[in-house]
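Please put together the full structure from these sequences, using the hints given.
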Amino acid sequence: MRKAVLLARREIVEQYSDRGAGFRAVFFVALPIALIFLNRGTGGRGPDTILLIFALQAALLPTATAINSAAGSFAAEKEAQTLVPLLAAPIADIDIVAGKLIAVLVPAAALAIISLAAYYGASSVIFGHERIARLLTPTTLFGLFALAIFFIMTVGAWVMVVSARVGSQRTAQQIAGFVLGGMIVALSAIGSLIQSLAAEIVIGVVVAVLVSDLVALDLARRFWNREEAVARL
Amino acid sequence: MTRRFGSFNALSHTSFVVRSGEIVALLGPNGAGKTTASRIIAGILAPTAGDAVVDGLSVREDAPRVRARCGLVTDSPALYERMSLRSYLTYFARLYDVMSPGPRIAGLVELMGLTDVLDRKLAAFSRGMKQKAAIARALVHEPPVLLLDEPATALDPEMSQTLRELIVSLRAQDRAILLCTHDLDEAQRISDRVVIVDRGRIVREGPTDELRSAGRPSFRAELVADEAAVRAALRTAGVTIGDLSAANGRLELRWTTDDPAENNTRALRALLDAGVRVISVNAETRSLEDAYLAIIKESRQ
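So the sequence lines, in the order shown, correspond to chains A and B.
Numbering of the first sequence is given in the numbering used here, commencing with residue 5 and proceeding in unit increments.
Numbering of the second sequence is given in the numbering used here, commencing with residue 16 and proceeding in unit increments.
Bear in mind the hints are in silico, worked out from the structure with no lab data behind them.
Computed from a prediction, not measured in an experiment: that's the story for all the values here.
It is possible that part of the hints are untrue.
[As the list claims (entries may be wrong)] Sample of chain A residues at the chain B side, in silico, Cβ under 7 Å:
no., residue
1, R14
2, L91
3, P94
4, S216
[Stated by the list, open to error] Label-pair distances were calculated between CB atoms; the ranges are:
no., chain 1, residue 1, chain 2, residue 2, range
5, A, R44, B, G117, 54 to 60 Å
6, A, D97, B, L308, 38 to 44 Å
7, A, Y20, B, S184, 37 to 43 Å
8, B, G122, A, Y20, 55 to 61 Å
9, A, T175, B, G71, 37 to 43 Å
10, B, P118, A, M5, 26 to 32 Å
11, B, A121, A, T144, 24 to 30 Å
12, A, V219, B, A121, 44 to 50 Å
Beta carbons are placed, not taken as given, at the ideal position from N, Cα and C, and that holds for glycine.
Right, here's the structure in full:
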């Protein structure tokens with residue numbers, strides 16, 4: 005596990021030393037706040053579920069940054085040929101996969117927290133602190149955050165499976181784009197469902213994502229191995 | 016070792032030894048199986064059949080410990096270019112479980128002449144400096160086995176020479192060094208033994224000097240004479256002409272023989288008797304390249 009953390013730390017530093025990654029992070033944190041400003045009339049007059057949908061967006065949109073990181077995880081290393089020295093080191097396959105997953109998960113999770121906090125602050129200002137405090141209880145906020153984590157793990161694991169098997173970062177990013185598209189569709193669907201059955205749907209989605217996580221991680225473990233990666237270099 | 020990729024045989028029953036304090040050049044055309052062999056030995060690619068034993072450890076049974084005993088350098092430096100040289104080497108030292116990497120890194124960068132750029136980002140390095148950084152990475156855990164896969168690709172002649180000197184100095188430290196290359200000049204200069212592979216099979220193996228001198232000795236003479244007279248004289252002497260060409264009023268004659276003492280004496284006597292003026296006679300030294308090309312041609316026939 006020590007080597008997984010070492011690998012993850014290097015990946016995070018590498019990812020975020022790119023200016024583009026910083027802009028992407030700021031964009032995905034700012035987007036939900038911009039949305040509540042743009043819809044403050046609807047949010048102010050409408051039911052609480054609209055504010056819940058905005059909160060869900062605030063939790064899940066920053067996870068989009070994870071898709072790009074996951075897409076680059078193996079494909080970018082293959083392209084730069086840096087995977088060979090890494091695979092030549094005495095580090096277990098599971099440490100490599102875990103390290104890359106941590107590198108995808110930690111920054112996106114941190115962004116989800118920042119985004120939720122920013123949303124909470126901004127919506128308190130616009131819609132009143134009392135209403136937001138009643139709506140976004142610590143349990144709800146934790147639930148939204150947990151949902152974001154499961155979502156990142158699912159998307160990260162699936163995109164990493166793809167990234168390990170394609171030859172270029174560009175291809176991996178294109179596939180990640182489809183995943184992002186699917187994510188937007190899923191967000192919209194979740195949003196519309198929450199309007200009718202808020203709590204049950206959130207719990208149902210969490211369970212579904214959790215199951216999907218387990219499947220994806222198991223597949224990532226089965227599909228990705230050193231031999232496969234080297235043979236494709 | 017045998018390694019197949021689908022129906023393609025990258026290596027077939029390939030077997031050779033690299034001892035401590037020895038540089039073995041693994042030569043062969045593109046796609047011969049050199050890189051596959053080095054990756055199997057490095058413990059990053061499993062053989063389909065057979066095994067590779069590194070410092071007493073089987074790659075089949077103990078790949079992680081094999082990896083810890085090998086240093087691998089590829090044709091591309093393959094660095095994380097946003098890192099500084101210091102962080103990069105520290106990172107790999109920790110991956111290789113080096114406890115206190117500081118002094119080791121200081122020693123390595125001094126050896127490579129990179130002390131002044133230790134805290135500079137790798138992206139700012141020249142190609143030669145990057146390759147040196149890659150070699151430092153491969154040595155950071157003091158491996159007894161060093162696998163160099165085309166290490167001098169894209170280096171200028173001066174940097175290639177520096178690299179050769181460095182490789183030779185590493186041999187002096189009693190490391191076993193496998194140099195995969197198709198730079199025959201480089202192999203000729205520094206390798207103790209040569210293994211030639213083609214289409215996944217070893218076609219010749221032996222000490223570099225022995226390989227160069229293998230085959231029928233060949234000779235070259237510079238003559239002033241009429242071409243017909245030379246041909247007639249040599250026919251009388253029973254010597255088969257390899258090549259006879261005219262340039263600047265002189266003839267250049269090449270021939271090979273299994274028995275130089277007997278046949279060369281007879282040939283020269285016949286030429287002199289025919290009134291041919293002999294300017295020079297030389298034994299031709301085969302370069303490793305000549306030997307290599309002859310061996311590859313022979314193996315394909």
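Taking the hints in turn, this is what the structure says about them:
no. : hint                          : in the structure
1   : R14                           : holds (6 Å)
2   : L91                           : holds (5 Å)
3   : P94                           : holds (4 Å)
4   : S216                          : violated (32 Å)
5   : A/R44 <-> B/G117: 54 to 60 Å  : holds (57 Å)
6   : A/D97 <-> B/L308: 38 to 44 Å  : holds (42 Å)
7   : A/Y20 <-> B/S184: 37 to 43 Å  : holds (39 Å)
8   : B/G122 <-> A/Y20: 55 to 61 Å  : violated (32 Å)
9   : A/T175 <-> B/G71: 37 to 43 Å  : holds (42 Å)
10  : B/P118 <-> A/M5: 26 to 32 Å   : holds (27 Å)
11  : B/A121 <-> A/T144: 24 to 30 Å : violated (54 Å)
12  : A/V219 <-> B/A121: 44 to 50 Å : holds (48 Å)
In summary, the numbered hints that this structure violates are 4, 8, 11.
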